[in-house]
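With the sequences and hints as input, model every part of the structure.
Per the numbering used here, the very first residue in the sequence shown carries number 1; after that it's consecutive.
One or more hints might be untrue.
[As the list claims (entries may be wrong)] No more than 25 Å apart at the CA atoms, straight line, and that leaves these computed lysine to any residue pairs for SDA-like:
(1) Lys-29 <-> Arg-16
(2) Lys-82 <-> Val-57
(3) Lys-31 <-> Glu-17
(4) Lys-82 <-> Ala-109
If you're looking for bench data, these hints aren't it; they were derived computationally from the structure.
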Amino acid sequence: MKQEEIIEKALNRLIREFTEDQAESTRRKRKEILDKVLDKLVGEFTEEQAEGAVIQVMGPVVDVEFSGRLPAINSLLRAGDKDTGLPLEAVQLLGEGIVRTIALDSSDALARGTMVFDTGMPISVPTGTEILG
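What follows is the structure, given as structure tokens:
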């Protein structure tokens, strides 16, 4: 066997091994990324909903401070009672855990310190016979 053939075979073997290592590395990275995405999605659906407190009321504009997870933009929040409280729509993340919301009903009775609960749902409007009165 000629020296050139030996070198060529050795190079081909190294290239094959390198390619296999790269493929395995890519598979591992892809799996890590998919695992992280899956964990995040599962976390979003299983985590408790965000809770905060009113820190400022300016007419229909209500600023709410959250200590942990923040609600998504356009989500429905409830001030006061978790199920029937004043509906608020999250419209802007101001930073430092503060979310600007818009009250969807009169905010006259709202005060600083009122608890606010994230429903985890978007704003929805009834349709069909429900709106006929």
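Hint check:
Of the supplied pair hints, the one linking Lys-29 and Arg-16 holds, its CA atoms being roughly 20 Å apart against a limit of 25 Å. Our distance criterion of 25 Å between C-alpha atoms is met by Lys-82 and Val-57, whose separation comes to about 19 Å. Under the criterion of a C-alpha separation no larger than 25 Å, the hint pairing Lys-31 with Glu-17 is consistent with the structure, at around 21 Å. Taken as a hint, the Lys-82 and Ala-109 pair is honoured in the structure, with Cα atoms around 16 Å apart against an allowance of 25 Å.
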